[in-house]
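J.: Spelled out, the chains give:
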Amino acid sequence: MQELLLEVKDLEINFYTYRGVVRALNGVNLRINKGEFFGLVGETGCGKSVTASAILNLVQNPGRIEKGEIIFKGIDILKMSKEEIRKDIRGKEITMIMQYPIAALNPVINNGEQISEALIANIDITKNEAEKRTIELLKEVNIPEPEKIARQYPHQLSGGMAQRVMIAMMLSTKPSLLIADEPTTALDVSIQAQVLNLLKDLVVKYNTTILLITHDLSVVAETCERVGVMYAGDMVEIGELKHIIDNPKHPYTRGLINAIPSEKRTKLQEIKGSVPDLVNPPSGCRFHPRCTFAKSVCKQKKPQMLEVEKNHLVSCYLYDGQK
Amino acid sequence: MLKYLMKRLLLFFIVIFGVVTVTFFLSHVIPADPVGAILGENAPQELIEKMERELGLDLPLGQQYSRYLKGIINWDFGISLRTQKMVAEDMRVYFPATLELAIFALIIAIIFGIPIGVISAVKRNQLPDSISRVFSLTGISMPAFWLSLLFILVLYYHLKLIPAGGRLSSGISPPQLVTGLYLIDSLIARDYIIFWDAFHHLIGPGLVLGWIQMAYICRVTRSSMLEVLNEEYIRTARVKGLKEKVVIYRHAFKNALIPVVTMIGISFGYLLEGSVLTETVFGYPGLGRYAVNSFLSLDLNAVIGSVTLIAIAYALSNLIVDLLYAALDPRIKY
Chain A
1 MQELLLEVKD LEINFYTYRG VVRALNGVNL RINKGEFFGL VGETGCGKSV TASAILNLVQ
61 NPGRIEKGEI IFKGIDILKM SKEEIRKDIR GKEITMIMQY PIAALNPVIN NGEQISEALI
121 ANIDITKNEA EKRTIELLKE VNIPEPEKIA RQYPHQLSGG MAQRVMIAMM LSTKPSLLIA
181 DEPTTALDVS IQAQVLNLLK DLVVKYNTTI LLITHDLSVV AETCERVGVM YAGDMVEIGE
241 LKHIIDNPKH PYTRGLINAI PSEKRTKLQE IKGSVPDLVN PPSGCRFHPR CTFAKSVCKQ
301 KKPQMLEVEK NHLVSCYLYD GQK
Chain B
1001 MLKYLMKRLL LFFIVIFGVV TVTFFLSHVI PADPVGAILG ENAPQELIEK MERELGLDLP
1061 LGQQYSRYLK GIINWDFGIS LRTQKMVAED MRVYFPATLE LAIFALIIAI IFGIPIGVIS
1121 AVKRNQLPDS ISRVFSLTGI SMPAFWLSLL FILVLYYHLK LIPAGGRLSS GISPPQLVTG
1181 LYLIDSLIAR DYIIFWDAFH HLIGPGLVLG WIQMAYICRV TRSSMLEVLN EEYIRTARVK
1241 GLKEKVVIYR HAFKNALIPV VTMIGISFGY LLEGSVLTET VFGYPGLGRY AVNSFLSLDL
1301 NAVIGSVTLI AIAYALSNLI VDLLYAALDP RIKY
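Those sequence lines, one after another, are chains A and B.
Counting in our numbering, the first sequence runs from 1 upward without gaps.
Counting in our numbering, the second sequence runs from 1001 upward without gaps.
Hints in this document: simulated from the structure, not taken from any laboratory.
Predicted, not measured: the structure shown is a model, and the values here were computed from it.
Glycine included, each C-beta is placed from N, C-alpha and C at the ideal position.
Mixed in with the good hints there might be a few duds.
[Said to hold, decoys possible] Below, simulated EDC-like cross-link-like pairs (lysine to aspartate or glutamate); rule was C-alpha separation at most 16 Å, straight line:
#, chain 1, residue 1, chain 2, residue 2
1, A, Lys73, A, Glu36
2, B, Lys1245, A, Glu83
3, A, Lys200, A, Glu309
4, A, Lys79, A, Glu66
5, A, Lys148, A, Glu131
6, B, Lys1243, A, Asp88
7, A, Lys79, A, Glu69
8, B, Lys1254, A, Asp88
9, B, Lys1243, A, Glu69
10, A, Lys92, A, Asp124
11, A, Lys205, A, Glu113
12, A, Lys310, A, Asp216
13, A, Lys127, A, Glu113
14, A, Lys87, B, Glu1244
15, B, Lys1243, A, Glu84
16, A, Lys82, B, Glu1232
[Said to hold, decoys possible] Covered stretches of chain B (in silico footprint by chain A; criterion: 3 or more residues with CB under 8 Å from a CB of chain A, positions within the stretch not fixed):
#, stretch
17, 1028 to 1042
18, 1245 to 1256
19, 1322 to 1333
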């Protein structure tokens, strides 16, 4: 039996904009086990990054968490005070790397100091030790000449190097969960694989769990053990990688997989229509306007998560009553 | 860095050369008659010619210009027709007065403007922000002369907290001249009575000018901080679990400083040459007032001297600002 690390229950987040209330997350459920490499997939704007922000309680104005629980190691993060989250969770237990590593590093503080600062803030360590440890960490993420890089500033790094610095920084405190929000999207393809492999190795070494957020199914296929697919603020399908890739159940997941170029397909299949405006989301199942299988019930009520096979959950009326 | 400095110094001299040249030709094309201004309209012809010879006004323009340039290089602007003293000597008295007031006002502007701007940005759209916006808006909108009158009315007339004007009270003589800044000179002479008196006289005009400049610095700080607080690296700092204070002052503030430093440079330049109205209302013997009075009495030597000195101070303050950029932001390399 695997140990549960993080459970997101019925999370609802709205953004109060001038245009109206954006219903960004519509009751998302998610369970991540300890030591797992979990992938969260979906199009831009489907709520992947908002979910990640919520886990760190860093949803920014005008966003508001309306409902739900985020249970980390048995404690509801959303019930903790701001100061408790800052002291006990952020940096220490949960960290995050981001899509644009150079923008994510402070341009006026040198790389080494940015890493040792994370160490000093979270671990009982002297400045001297932190500096030494920083060099070791930079070595671990395969940075050549770590002493020199530590003295340099972020603008002197390439994207791949900057992401390594971020990884070193965010793993420095040996967190239980590392959220990787599109960590390779902004990198060259040749560097992507290096960074992903590095992440894979370090996760084992540091005994860390990873929540990988991406829109790129091939990245997920290369790294993840379990995958959640999101669409327009809903979790539509969760399962093991092989379930999702070989036996997708939800019409949206099928559409995503069919849209990947492969030798078998001569013509790429697109998903008709476009992502709905979340100020005014479709009723019931949010995918129904684009779904070829839509029935009348799809417009009325949001479908429940159904277990179609072991550890494979789908939120779709197609499978209602099968079991 | 050294190469950049050399380049900047060269540019500095070119700017000063440009300013003095333009000033020279402007002062010769304006339809004014300095000799007439000195001798009066009904002066006999011989006297006028004699005076013109003395002032070198009978020489061809080219020769006048080269004499003029030579004079400036030797820091000799001739005699002020109004005060009957060497212009360089006059400026030795008036410029430190302005400098002292400008520095005093700038310090007030910085120590209030920056923290208030930061708080305003952090507490955006909340009560502290509204209060600070009222303060900065009034500082920007109120004319300096009116604010000066208001201060004299309230602080001098009603509350008797400050003297009405001037640089020192009538019974007190200036400290021995070292820097020309009374506050510093009196400290060197260990004469605390003079120090206190000079300080007292600075409060009125210093607060007026400081408030106005504070308003600008505050607004620039606020908008710059707001921009920086939305950056990804601020998010990173929060993800690291840093204290909010560290996030704001270490991670955000340093990045927000460049526009603020630029504004401070502009403020300083303004304080050096633009405080005429305040100086006039407070009867403060500053360079701005000296320049304006000289101009009104067609005392061209004094005008040229003042303009040159102000141009040098302005260019220097810009140079310092540019050098500060490199110290603040490692991405800027010279």
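J.: None of the hints should be skipped; say for each whether it holds.
T.: Evaluation of the provided hints:
1. Taken as a hint, the Lys73(A) and Glu36(A) pair is honoured in the structure, with Cα atoms around 14 Å apart against an allowance of 16 Å.
2. With a C-alpha separation of about 12 Å, the suggested pairing of Lys1245(B) with Glu83(A) holds against the 16 Å cut-off.
3. Under the criterion of a C-alpha separation no larger than 16 Å, the hint pairing Lys200(A) with Glu309(A) is inconsistent with the structure, at around 28 Å.
4. With a C-alpha separation of about 13 Å, the suggested pair Lys79(A) and Glu66(A) falls inside the 16 Å cut-off, and the hint holds.
5. The hinted pair formed by Lys148(A) and Glu131(A) meets the criterion: a straight-line CA distance of about 13 Å does not exceed 16 Å.
6. Taken as a hint, the Lys1243(B) and Asp88(A) pair is honoured in the structure, with Cα atoms around 12 Å apart against an allowance of 16 Å.
7. Of the pairs offered as hints, the one joining Lys79(A) and Glu69(A) holds, with about 8 Å between alpha carbons and a cut-off of 16 Å not exceeded.
8. About 27 Å separates the Cα atoms of Lys1254(B) and Asp88(A), which puts this hinted pair outside 16 Å; it is violated.
9. A threshold of 16 Å between alpha carbons decides the hint, and for Lys1243(B) with Glu69(A) the separation of about 25 Å lies outside it, so the pair is violated.
10. Restraint check for Lys92(A) and Asp124(A): the C-alpha separation of about 12 Å stays at or below 16 Å, so the hint holds.
11. A C-alpha spacing of about 24 Å is found between Lys205(A) and Glu113(A), which places the hinted pair above 16 Å, so the restraint is violated.
12. Taking the CA atoms of Lys310(A) and Asp216(A), the gap is about 25 Å. The hint is violated against a cut of 16 Å.
13. For the hint pairing Lys127(A) with Glu113(A), the CA-to-CA distance comes to about 10 Å; that is within 16 Å, so the pair holds.
14. With a C-alpha separation of about 11 Å, the suggested pair Lys87(A) and Glu1244(B) falls inside the 16 Å cut-off, and the hint holds.
15. For the suggested pair Lys1243(B) and Glu84(A), the alpha carbons sit about 11 Å apart, so the restraint of at most 16 Å is met.
16. The hinted pair formed by Lys82(A) and Glu1232(B) fails the criterion: a straight-line CA distance of about 20 Å is larger than 16 Å.
17. Only residues whose beta carbon comes within less than 8 Å of a beta carbon in chain A count, and the stretch 1028 to 1042 of chain B has 0; fewer than three means the coverage is violated.
18. Counting residues of the stretch 1245 to 1256 of chain B whose beta carbon lies closer than 8 Å to any beta carbon of chain A gives 5, which meets the minimum of three for the stated coverage.
19. As drawn, the stretch 1322 to 1333 of chain B meets chain A at 4 residues by the rule of a beta-carbon pair under 8 Å; at three or more, the given contact holds.
Checked against the numbered hints given earlier, this structure breaks hints 3, 8, 9, 11, 12, 16, 17; the rest are met.
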